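As they're listed, the protein sequences go chains A and B. Just so we're aligned, residue 1 is where the first sequence starts under this note's numbering, counting upward by one. Just so we're aligned, residue 255 is where the second sequence starts under this note's numbering, counting upward by one.
These are computed hints drawn from the structure, not numbers from a lab. Predicted, not measured: the structure shown is a model, and the values here were computed from it. Keep in mind that a hint or two might mislead.
A few chain B residues that face chain A, going by a derived Cβ cut-off under 10 Å, partial list only [claimed, not checked]:
| hint | residue |
| --- | --- |
| 1 | N308 |
| 2 | P333 |
| 3 | S334 |
| 4 | G336 |
| 5 | S341 |
| 6 | L344 |
| 7 | L345 |
| 8 | T349 |
| 9 | L356 |
| 10 | L358 |
| 11 | E359 |
| 12 | G362 |
| 13 | R401 |
| 14 | L411 |
Note that CB positions come from ideal geometry on N, CA and C, so glycine has one too.
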Amino acid sequence: MNIILNIYRVLLLAVLLAIWEGAASLGLVTEFTMSRPSRIFAWLGGALVDGFFWMNILVTVRETLLGLLIGAVLGILSGFALAQWRGAFRLLEPFIMALYSLPRVALAPLFLVWFGIGEGSKVALAASLVYFVLLLNTYTGIREIDRNLVNAVRTMGASRGFIARRVLLPSSLTFIFAGLRISIGLALIGTIVGEMIAGQYGLGQMIARAGNMFDTAQVFGIIIVLAILAVLASEGMKLLERWVMRWRPTTETH
Amino acid sequence: MTAEAKLRVEGLSLDFGNDERGLRVLANVNLDLKRGEFCTIVGPSGCGKSTLLNLIAGLMPPTGGQCYLDGKPIKPGMPSIGYMFQSDTLLPWNTALENVRLPLEAVGRKDEGLCLDLLKRVGVGDFADAYPWQLSGGMKKRVQLARLLAQQPEVLLMDEPFGALDAQTKLLIQEELLRLWEKSGLTVLFVTHDLSEAISLSDRVLLFSARPGHVKEEYEVPLARPRNIEAIVQDPQYNDLFVRLWRSLKEEIQLS
Ligand SMILES: Nc1ncnc2c1ncn2[C@@H]1O[C@H](COP(=O)(O)OP(=O)(O)OP(=O)(O)O)[C@@H](O)[C@H]1O
Ligand SMILES: [Mg+2]
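Could you build all of it, start to finish, from the sequences and the hints given here?
This is the structure in structure tokens:
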């Protein structure tokens with residue numbers, strides 16, 4: 001971690017917030033629509049000592065992580081299966097691409113009907129966004145494998161399962177982690193949109209309510225929390241990736 | 255006597271693509287390797303040498319013909335045939351030791367002592383825990399050699415194993431291969447572009463024609479064993495064979 005760089009980042013953020021605050025006090029922006037940092041932080045200060053806010057954070061985090069996990073596991077397994085049966089992929093390709101390109105948040109009303117108004121429908125929406133990214137990335141990862149690595153292990157008399165575990169999986173991990181990094185944001189989109197459309201708890205639901213009441217300070221406050229959650233999740237993913245792929249050359253830091 | 259052939263290739267042919275634009279790569283290849291024989295193939299680039307080894311290893315079906323090990327048709331994935339590929343096939347995510355363990359684990363076996371011992375014998379005992387990217391080209395070849403031996407094969411297929419090495423490393427590793435092979439009784443089918451490597455290592459050199467490849471000529475190497483590479487290159491018989499091989503190979507290269 002570069003300390004100097006981080007100091008500059010904090011400074012930049014402070015300057016931007018100061019400009020925002022200044023513009024609001026001078027009346028250059030209407031506080032009603034844009035709010036102002038002091039009010040946002042005042043709201044956050046109050047919310048963070050409030051059990052209700054933490055409960056909503058917990059709900060959103062739980063739905064997002066569960067959606068990410070389910071979508072990723074199913075996506076990786078499907079990618080593997082389709083890479084083994086190329087015929088199946090050729091048959092399904094147009095359908096997969098159609099579902100992949102479809103704005104899946106449009107499925108939210110259906111998921112509400114299928115999985116209920118509770119957490120299930122949010123998890124399903126998040127998982128549906130993650131699923132196709134991991135399916136396609138895993139499939140591509142396996143297709144890009146050096147055939148001779150597979151052949152070398154085949155000549156040792158290895159079973160298909162052994163080859164899948166020791167060659168295909170590690171070799172496609174670069175693609176899988178690239179998919180997982182994008183998927184954090186996608187899972188959050190799925191959860192938040194799902195919560196905004198219907199439900200009782202979660203940060204998306206809080207944003208929807210605050211928006212209806214034109215409480216812009218609260219909306220901004222929740223957005224800041226979401227941004228922090230997203231950064232924490234992707235840092236966590238980076239650590240996981242570095243640990244899982246610790247065999248890689250150390251110069252290749254991201 | 256065909257019965258004593260350890261490895262037998264009979265009427266092998268292979269086409270890539272099966273329409274009239276298809277490429278005939280091998281045409282009626284026949285060869286017999288005696289148990290414990292070290293046999294080398296030389297031939298123009300693209301004449302089908304790697305393809306031949308892939309077929310013998312059972313990695314793809316031939317268009318025609320058949321390969322036999324001890325008189326029985328070869329099936330895919332027989333650990334008794336060890337194959338060292340032209341390209342680097344160490345698993346990048348496994349350490350040197352884990353790579354050497356691989357052929358044992360592939361068939362559900364374990365022998366840590368053997369694996370460590372093999373790494374020591376090929377001179378990379380201190381690098382057991384290094385990943386392939388931490389090894390030099392020569393060290394990677396040594397680890398692959400250790401992995402090949404850990405499989406405990408009866409026949410070795412080696413496709414230009416030392417092709418990419420610098421001249422000094424190559425000479426060293428050739429001597430080590432000779433020492434390992436002399437004690438082992440292994441049957442070796444070795445592919446190379448290096449005529450002096452072919453002569454100094456083998457009992458017999460097969461010269462392949464331009465594509466479609468087949469055995470054009472066969473040369474017995476009249477040098478005594480155990481061999482010493484320094485002594486060989488001063489032997490007049492070595493020079494004589496080198497010149498004959500090169501003249502014949504040059505014709506094929508100009509054809510291809
Ligand atoms: N999978 C494949 N599909 C189509 N053509 C192939 C395939 N693999 C090899 N060939 C062709 O078959 C021919 C023989 O290839 P091969 O790799 O066996 O040659 P080689 O004798 O090993 O050459 P080199 O000495 O350069 O390694 C080449 O012309 C190559 O283009
Ligand atoms: Mg080749």
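List of violated hint numbers, smallest to largest
none
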